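K.L.:
Could you build the full structure based on these sequences and the hints that come with them?
Going line by line, the protein sequences match chains A and B. Take 1 as the starting number for the first sequence in the numbering used here and just add one per residue. Take 1 as the starting number for the second sequence in the numbering used here and just add one per residue.
One thing to keep in mind: the hints can contain errors.
Which copy? The list can't say, so a pair holds if one copy fits it or any two copies do.
Within a straight-line C-alpha distance of at most 30 Å, the following computed DSBU-like cross-link-like pairs (lysine-lysine) qualify [said to hold, decoys possible]:
(1) K296 with K184
(2) K184 with K425
(3) K279 with K296
(4) K425 with K385
(5) K279 with K425
(6) K34 with K113
(7) K113 with K35
(8) K125 with K52
(9) K279 with K385
(10) K385 with K184
(11) K34 with K296
(12) K323 with K184
(13) K125 with K323
Don't read these hints as lab results, they were simulated from the structure. Owing to the predicted nature of the structure, the values given are computational and were not obtained by experimental measurement.
There are 2 protein chains.
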Amino acid sequence: MTSNLEINVGLMGLGVVGGGVAEALLGRANVISKKVGHPIRLKKVLVRDRHKPRTPSVPSDLITTNPEEILEDPEIQLVVEVIGGTQPAARYLHDALSAGKHVVTANKEVMAKHGPQLLALAQQKQVNLLFEASVGGGIPIVTCLMNELLANDLHSIRSIINGTTNYILTRMAHQHTDFQLALKEAQDHGYAEADPTNDIEGHDAAYKLAILASLAFHARVGPEDIYRQGISRLQAQDFRYAQELGYAIKSLAIATLEDGSIQARVYPALVPLDHMLAKVDGVYNAVEVDGSLCGKVLFHGMGAGRGPTSSAVVGDLIEIARKLGAATHPVPMAQPDHNFQIQSIDDLESRYYLRLNVTDRAGVLAQIARILGDGNISIASVLQKDSNPAEQTAEIVITTHPSREASVQEALRLVADLEVVREVKNLLRIEE
Amino acid sequence: MTSNLEINVGLMGLGVVGGGVAEALLGRANVISKKVGHPIRLKKVLVRDRHKPRTPSVPSDLITTNPEEILEDPEIQLVVEVIGGTQPAARYLHDALSAGKHVVTANKEVMAKHGPQLLALAQQKQVNLLFEASVGGGIPIVTCLMNELLANDLHSIRSIINGTTNYILTRMAHQHTDFQLALKEAQDHGYAEADPTNDIEGHDAAYKLAILASLAFHARVGPEDIYRQGISRLQAQDFRYAQELGYAIKSLAIATLEDGSIQARVYPALVPLDHMLAKVDGVYNAVEVDGSLCGKVLFHGMGAGRGPTSSAVVGDLIEIARKLGAATHPVPMAQPDHNFQIQSIDDLESRYYLRLNVTDRAGVLAQIARILGDGNISIASVLQKDSNPAEQTAEIVITTHPSREASVQEALRLVADLEVVREVKNLLRIEE
Numbered sequence: 001m002t003s004n005l006e007i008n009v010g011l012m013g014l015g016v017v018g019g020g021v022a023e024a025l026l027g028r029a030n031v032i033s034k035k036v037g038h039p040i041r042l043k044k045v046l047v048r049d050r051h052k053p054r055t056p057s058v059p060s061d062l063i064t065t066n067p068e069e070i071l072e073d074p075e076i077q078l079v080v081e082v083i084g085g086t087q088p089a090a091r092y093l094h095d096a097l098s099a100g101k102h103v104v105t106a107n108k109e110v111m112a113k114h115g116p117q118l119l120a121l122a123q124q125k126q127v128n129l130l131f132e133a134s135v136g137g138g139i140p141i142v143t144c145l146m147n148e149l150l151a152n153d154l155h156s157i158r159s160i161i162n163g164t165t166n167y168i169l170t171r172m173a174h175q176h177t178d179f180q181l182a183l184k185e186a187q188d189h190g191y192a193e194a195d196p197t198n199d200i201e202g203h204d205a206a207y208k209l210a211i212l213a214s215l216a217f218h219a220r221v222g223p224e225d226i227y228r229q230g231i232s233r234l235q236a237q238d239f240r241y242a243q244e245l246g247y248a249i250k251s252l253a254i255a256t257l258e259d260g261s262i263q264a265r266v267y268p269a270l271v272p273l274d275h276m277l278a279k280v281d282g283v284y285n286a287v288e289v290d291g292s293l294c295g296k297v298l299f300h301g302m303g304a305g306r307g308p309t310s311s312a313v314v315g316d317l318i319e320i321a322r323k324l325g326a327a328t329h330p331v332p333m334a335q336p337d338h339n340f341q342i343q344s345i346d347d348l349e350s351r352y353y354l355r356l357n358v359t360d361r362a363g364v365l366a367q368i369a370r371i372l373g374d375g376n377i378s379i380a381s382v383l384q385k386d387s388n389p390a391e392q393t394a395e396i397v398i399t400t401h402p403s404r405e406a407s408v409q410e411a412l413r414l415v416a417d418l419e420v421v422r423e424v425k426n427l428l429r430i431e432e
Numbered sequence: 001m002t003s004n005l006e007i008n009v010g011l012m013g014l015g016v017v018g019g020g021v022a023e024a025l026l027g028r029a030n031v032i033s034k035k036v037g038h039p040i041r042l043k044k045v046l047v048r049d050r051h052k053p054r055t056p057s058v059p060s061d062l063i064t065t066n067p068e069e070i071l072e073d074p075e076i077q078l079v080v081e082v083i084g085g086t087q088p089a090a091r092y093l094h095d096a097l098s099a100g101k102h103v104v105t106a107n108k109e110v111m112a113k114h115g116p117q118l119l120a121l122a123q124q125k126q127v128n129l130l131f132e133a134s135v136g137g138g139i140p141i142v143t144c145l146m147n148e149l150l151a152n153d154l155h156s157i158r159s160i161i162n163g164t165t166n167y168i169l170t171r172m173a174h175q176h177t178d179f180q181l182a183l184k185e186a187q188d189h190g191y192a193e194a195d196p197t198n199d200i201e202g203h204d205a206a207y208k209l210a211i212l213a214s215l216a217f218h219a220r221v222g223p224e225d226i227y228r229q230g231i232s233r234l235q236a237q238d239f240r241y242a243q244e245l246g247y248a249i250k251s252l253a254i255a256t257l258e259d260g261s262i263q264a265r266v267y268p269a270l271v272p273l274d275h276m277l278a279k280v281d282g283v284y285n286a287v288e289v290d291g292s293l294c295g296k297v298l299f300h301g302m303g304a305g306r307g308p309t310s311s312a313v314v315g316d317l318i319e320i321a322r323k324l325g326a327a328t329h330p331v332p333m334a335q336p337d338h339n340f341q342i343q344s345i346d347d348l349e350s351r352y353y354l355r356l357n358v359t360d361r362a363g364v365l366a367q368i369a370r371i372l373g374d375g376n377i378s379i380a381s382v383l384q385k386d387s388n389p390a391e392q393t394a395e396i397v398i399t400t401h402p403s404r405e406a407s408v409q410e411a412l413r414l415v416a417d418l419e420v421v422r423e424v425k426n427l428l429r430i431e432e
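P.N.:
Written as structure tokens, this is what we have:
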């Protein structure tokens, strides 16, 4: 391992995502460098307006408004592009790769339209071009398609990859809101733009599906190959009728490969209520991949926003930085490097479910409640069930507010000793 | 790229998973070699009983009962271990790594108990030790924890990683079966072993959780650090009461890191019915990771079986084989290499949902049905809704059996031209 290697990063764009990446590289440089095995340094940050106030504050000597200060700096081995849009981003990516720099981008539009050419250029220059953040935010679907799932022939991708439309459809379904109102709410929350065309007409999802389908099928699928139907014609009734028929309505991005032919489309569709995709709500995304060996694998997570997108960008960056350091060696492997204390179950803080078989007579619950109260265990609910007059027994089900395991176990021993308690049937924890 | 490089694989074990791996390496050698960039050859296969009949039939000259024929063969660069159990598997892994061979294993027990030592040995020998198949079958959670999610500090893992117990609990919940009967069913289906202790008492899940927690927290978490509670005390009533309280019961494997202290446990717990984990049914597995940047990311897929486990093993094998070929170059990147036809949406075969605003009078449905029938579009259901006597209108919702898009669009044009049809409100596809 080349121990004096330092990896210099040029960051292009300091918006929502760029700010998150800068924060990670500046604020957590030590943690990240440790994971990589070499120091990582943020050397330059390209912005449009030098004087715009920003959080986090990036030292002003890192800031530049001239892209060539990154693209032409031989010390910068790795360029992160989070500007978005087609131009000038595509030009920057092209120039960075041409200059032999590794590139990480979050740019779905550029990758959907120019991905094959840029990847060919990267291969020719023997550098990496990674773009995990271009689809699905914090969901690592791009890398999984490129690597982990590679043993499979993939048959299909079915996905919810536009958070804006999914938020709108979720509101329409749950609050019986009409489309215009749900759109306005999405705009008020910053989930939809003033001109929402790109999202609600399916362009954004088509870019992302083009990327996923190209990777999944090792083929060229462009946004122009994808049929699109927007969500603006949906009305409250559609959700009502769909529900009655046993379906949710979701805007799906689907690509299938069958008999050597690819079918790719983005449209609102009816999805059976018990399907996992029907349960993807709000700004969450999900991608379901169907492979010859793995069967159906579903990935679910936040599809956009500063944190999730930064997770993907910085993940790619670490991946490349590790390879740069590894040279002919394999990448460093996960090794224990923390001596965390391992807690006893006694220290668990949880809610509890307790089922008791008791003698069916007055005052039983009071005795049990007193013991729990003495142990500082607060009762959340009580059900009295299944009275059995012949045996004079009943069942009591108690749920608690958060309590300490050791206290609950101690109280349970006392409860079990009560003459009126025939048997402690079960103690379960409630995971919320 | 060293074009004359050939990668020789030694496979140890030819059971359910080993058979799947052999089938992939023998039957799909060309496809896999293409993905790797170099020929991959299955050179030797270790079995216990040479004469046991097997599917697929592995050429008899590849079969050996002597492990040293793999461990001591200098031509074999990569050993795949799918024997299972602690010994002799642990010894084989140790010897393979000591001999400078890369290793892929599906062995959760060995990785949980001896992972840190084996990983240290691999690092010392500058070889890879990958173990994606040890947890979650076809779900790529191990690699994602080691790589893609590395930008995050992880707070928690909550998972369903034992398919046997999840199958039993799903049966108990949905069929109100009692534990013994559900266990017997699981055994009849081959999901549970004759002695089911390892699964139902949580040992299997504890091995897997030890692996996940060690990776997630960069710490040493052993199976002995994990609290276990089995599922055998659960009764039909518990599911009934839980449901009434708004919960499912799932056997969860959980590890959390808080204030420098790890809490790890496997137990049946109550999970809110609207949580994704409550919806993981049958032999499926799911892992939810909560990270500082990515938020909650959930992975869902088949946790065991020949296909899913082979997907993970062969995925690891491709990963290593690519690196072996790549030397100082970056790994080959996904490039289009297929010229699949891209289908028009006209060729889509789907079920459809059609909503029409019509004049509310007799014979309307007959006219519409005739047009659909003429187009070979078979009706699955009809709802007549929202009669409006003032305007003399009603809504008709029709769902179809699978039909061709072009036929549906053509029929819809004819339907829209009917005098009795005021407006075609929506046409949606049904995705099942």
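K.L.:
State for each hint whether it applies.
P.N.:
Right, here's what the structure says about each hint:
no.: 1; hint: K296 with K184; verdict: between (36 Å within a copy, 27 Å between copies)
no.: 2; hint: K184 with K425; verdict: between (52 Å within a copy, 22 Å between copies)
no.: 3; hint: K279 with K296; verdict: both (16 Å within a copy, 15 Å between copies)
no.: 4; hint: K425 with K385; verdict: within (13 Å within a copy, 50 Å between copies)
no.: 5; hint: K279 with K425; verdict: between (33 Å within a copy, 25 Å between copies)
no.: 6; hint: K34 with K113; verdict: between (36 Å within a copy, 26 Å between copies)
no.: 7; hint: K113 with K35; verdict: between (33 Å within a copy, 24 Å between copies)
no.: 8; hint: K125 with K52; verdict: neither (36 Å within a copy, 51 Å between copies)
no.: 9; hint: K279 with K385; verdict: between (32 Å within a copy, 26 Å between copies)
no.: 10; hint: K385 with K184; verdict: between (48 Å within a copy, 28 Å between copies)
no.: 11; hint: K34 with K296; verdict: between (35 Å within a copy, 24 Å between copies)
no.: 12; hint: K323 with K184; verdict: neither (46 Å within a copy, 50 Å between copies)
no.: 13; hint: K125 with K323; verdict: both (16 Å within a copy, 18 Å between copies)
In summary, the numbered hints that this structure violates are 8, 12.
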